[in-house]
Amino acid sequence: MREASRLLVIGIGGAFGALSRNGIAQLFGSAPIELGDQIASFPWATLTVNVIGALLIGILAVALMADGDGYLRPFLITGFLGGFTTFSALALEAADLMDNNMWLTALVYLAVTVGAGLVAVQFGIRATQRMVKS
Amino acid sequence: MITIAAIALGAFIGAPLRALAEQYASRTRSALTSLLIINSLGSLLAGFSLGAFSGDVQTFLITGFAGAFTTFSGWTLALSMFSRNLIESGVSPSARFARMGFVIVVAIGIPVLSLWLGWLFSEFLFVKN
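Protein sequences, first through last, are from chains A and B. For the first sequence, position 88 (counting from the first letter as 1) is numbered 498 according to this note's numbering, and the numbering increases by one without interruption. For the second sequence, position 70 (counting from the first letter as 1) is numbered 73 according to this note's numbering, and the numbering increases by one without interruption.
Bear in mind the hints are in silico, worked out from the structure with no lab data behind them. Take the hints with a grain of salt, since some may be wrong.
Listed next, the stretches of chain A that the computed footprint assigns to chain B, with coverage defined by at least 3 CB atoms under 8 Å from CB atoms of chain B [as the list claims (entries may be wrong)]:
1. 413-425
2. 443-451
3. 455-469
4. 472-485
5. 518-530
Ideal Cβ positions, reconstructed from N, Cα and C, are used throughout, including at glycine.
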């Protein structure tokens, strides 16, 4: 029963996360992707979502260390942030850029996402560790 | 309204399934390998759905399910742990750089390839005359 309620909490968090990701995509006015349609633009929405998500997971991984077996970690980290950030859209958008022969843009998109994501998660971890200590 | 419900429902299924897959895979594999498998499977499905479905069904599968099944934030966290373990085990900076580079290229390359494969497979199945 405990396992079932944990999965339920993850599902609810994931739904909120995906809806927030979609909301940000709407805000950026992102068009749905098609492969083979000669249309591709730089995926700012997904880049923003993934970098913010990386920053938040760094913060929460440290801040919720004391939560142990509670529901906050499954809800916020595995559920919300897992559903908010996405790897499949990253792959999809990179493929769409490559499909339009924008290879350099695709490489830049992937490199910037990974670079900024790693800096964000490290910043989140260290800043929170400092706050927890003081 | 239906689109919003499709995204929420897809993620409501996708996120717990990722948790289960992670739990299962991490018994025998590292966190990074588990996430590589998850992200590749999700990308394969997204690529296939792109060619095989349209409208709200596509949104349900791509934005909802595959979007929430795969994760970027969890991957950056796992990569941070991997990097810290390398530092703590005293690996030389150049070897650390090479291993991080390899892990990153594989973690991105295989999902992108999977996406293409999924899409090509859907194109093969549904040849547009």
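Comparing the hints with the structure gives:
Interface restraint, the stretch 413-425 of chain A with chain B: holds (9 residues with C-beta to C-beta distance below 8 Å; minimum three). Remark: the stretch 443-451 of chain A is confirmed as covered by chain B, as 3 of its residues place a Cβ nearer than 8 Å to a Cβ of that chain, reaching the required three. Only residues whose beta carbon comes within less than 8 Å of a beta carbon in chain B count, and the stretch 455-469 of chain A has 6; three or more means the coverage holds. Here's how the stretch 472-485 of chain A fares: 1 of its residues keep a CB closer than 8 Å to some CB of chain B, so the rule of at least three is not met and the hint is violated.
Under a criterion of three residues with beta carbons nearer than 8 Å to beta carbons of chain B, the stated coverage of the stretch 518-530 of chain A is upheld, 6 such residues being counted.
In this structure, only the earlier hint numbered 4 is contradicted, and the remaining ones agree with it.
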